[in-house]
Amino acid sequence: MNENAKKHICNYLEKGVRYDGRKLTDFREVVIETGVSGSAEGSARVKIGGTEVIAGVKMAVEKPYPDTPNEGVLMVGVELLPLSSPEFESGPPNIKAIELARVVDRGIRESKSFDNKKLCIVEGEKVWAVMIDICTINDEGGLLDCSGLAAIAAIQDARFPKYEDGVVDYKTKTDKGLPMSKIPIPVTVIKIGNNFIVDPISDEEKVIDARLTVTSIENGSICALQKGGDSALSLDDVKTMVEIGLEKAKELRKHLKVK
Amino acid sequence: MYKKRFDGRDWDETRPIEAKVGIIKRANGSAMFKIGDTIAYASVFGPRELYPRFLQNPERGLLRCNYNMMPFSGSGDRVRPGPNRRSKEISMVTQKALLPVLNLEAYPNAVVDVFIEFPQTDAGSRCAGICAASLALADAGISMKDLVAAVAVGKVDDKIVVDLNYNEEAYDHVEGGVEGAPVADIPLAIVPSTGEISLLQMDGEISKEELFEAIEAGKKSSKKIAEVLRKALKDKFTGDTNE
Chain S
130 MNENAKKHIC
140 NYLEKGVRYD
150 GRKLTDFREV
160 VIETGVSGSA
170 EGSARVKIGG
180 TEVIAGVKMA
190 VEKPYPDTPN
200 EGVLMVGVEL
210 LPLSSPEFES
220 GPPNIKAIEL
230 ARVVDRGIRE
240 SKSFDNKKLC
250 IVEGEKVWAV
260 MIDICTINDE
270 GGLLDCSGLA
280 AIAAIQDARF
290 PKYEDGVVDY
300 KTKTDKGLPM
310 SKIPIPVTVI
320 KIGNNFIVDP
330 ISDEEKVIDA
340 RLTVTSIENG
350 SICALQKGGD
360 SALSLDDVKT
370 MVEIGLEKAK
380 ELRKHLKVK
Chain D
9 MYKKRFDGRD
19 WDETRPIEAK
29 VGIIKRANGS
39 AMFKIGDTIA
49 YASVFGPREL
59 YPRFLQNPER
69 GLLRCNYNMM
79 PFSGSGDRVR
89 PGPNRRSKEI
99 SMVTQKALLP
109 VLNLEAYPNA
119 VVDVFIEFPQ
129 TDAGSRCAGI
139 CAASLALADA
149 GISMKDLVAA
159 VAVGKVDDKI
169 VVDLNYNEEA
179 YDHVEGGVEG
189 APVADIPLAI
199 VPSTGEISLL
209 QMDGEISKEE
219 LFEAIEAGKK
229 SSKKIAEVLR
239 KALKDKFTGD
249 TNE
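Going down the list, the sequences are from chains S and D.
For the first sequence, position 37 matches number 166 in this note's numbering, and the numbering has no gaps at all.
For the second sequence, position 106 matches number 114 in this note's numbering, and the numbering has no gaps at all.
If you're looking for bench data, these hints aren't it; they were derived computationally from the structure.
The structure displayed is predicted, hence computed values, not measured ones.
Examples of chain S residues toward chain D, derived with CB under 10 Å:
id, residue
1, Gly167
2, Glu170
3, Glu181
4, Leu210
5, Pro211
6, Leu212
7, Ala258
8, Ile261
9, Ile266
Think about it this way: if two alpha-carbon atoms lie no more than 30 Å apart in a straight line, the pair counts; the simulated DSS-like pairs of lysine-lysine are:
id, chain 1, residue 1, chain 2, residue 2
10, S, Lys225, D, Lys96
11, S, Lys225, S, Lys152
12, S, Lys136, D, Lys33
13, S, Lys176, D, Lys239
14, D, Lys12, S, Lys302
Heads up, the beta-carbon is just placed ideally off N, CA and C, and yes, glycines get one too.
Looking at chain S on its own, in the form it has when it is part of the complex:
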């Protein structure tokens, strides 16, 4: 994307209008559907405008880490499938996929919304490992916020499989859900020139100066932050971006089913 394209987008933003007609801090339409994969213990499809991801939760019984013998294991992975964009290639996760997965993971982990101790079966020997995989279906920008929502929706949808005599019966689901007490939602606020926007489309993503992902829980507390982009931010910028992030998280939260 060249300088002219950036100028073009900036000119629009100065007038308070987006490339696609939205206001600066409008999200595209959000659609959440759960139970989209019968093979997974929990799953969800989230569409934000044209961007679409599927998240699935798999559970297994494993040995705990030696330093946390009475805690379960949580893992978040993101697959930027080459099926979803001409820009994604096959191969091991690249830095974009790794960052996405780690930011989503941190939001869930650091909000302590997940009671890992409840995932313990036999201390030091057997715990539940909860693996959340997010697969992109169509990338039209804003993958991070979409992935964050999908992970949460899939966790809410998840039910433990039957576990008896040391064997997991994946065909039989119990009605017990995952121990999730808080709901962390990431919102990525983007700075282009002097303007702040949310939910970028691909063209806007290519010309960003800086971005800040603000993950927050119901009571407005922030549980994870991640700054990206090549430019630095002033404290005032950060203040503005956090305000927008918190405000927008409230909106996105409404799309999730209330527990």
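Guided by the hints, dock chain D onto chain S, whose structure is given.
Just chain D now, kept in the frame of chain S:
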């Protein structure tokens, strides 16, 4: 004895099928193919420039297929992301199954990439993947002579069956302490207009006569599947079901 199919189907009846094209907007062509509880998504990119350059062929384009299960799509444990021996082999036979219908000489030096993904599986995934891929190729406007319809056939106990599901594939019958013959599983891909076979694999145990009978049954089914595929393509352009 296997007297009645687990899900009550006729011996030559496939599971319910749904097909839809144009589901992934960033791709040049895309499709969803669902058969029973197996769901395949396919997207096509290209013809586009082929790198590394030494793979380029001035006579014809390259078809590159990639079969991949999403980590949560298996019926048991999580599938580790990334290619493995199984997915690499299936990618290769998928490519061979599609090649006979493509006019790749129209795309010198270029590549047509096909990516096939599964959010959930219940046996028959390579065949579902081939159906989705052939639809996505047509949706992308790639020059081709026909679609490819694929279905698994096989023998469970002494019955020739079409479109085995997971329970049938895993059927393990013991009668009077004697183990029954292993289930034969035969993935097939057929070019509907000529009846040619472009994918044929098999594992299990089956006699020569039964094999031919099974292939005949597969051919019949593939005609029906081809109709569903064609309808899905037409629907996109007549707007019957899309949006």
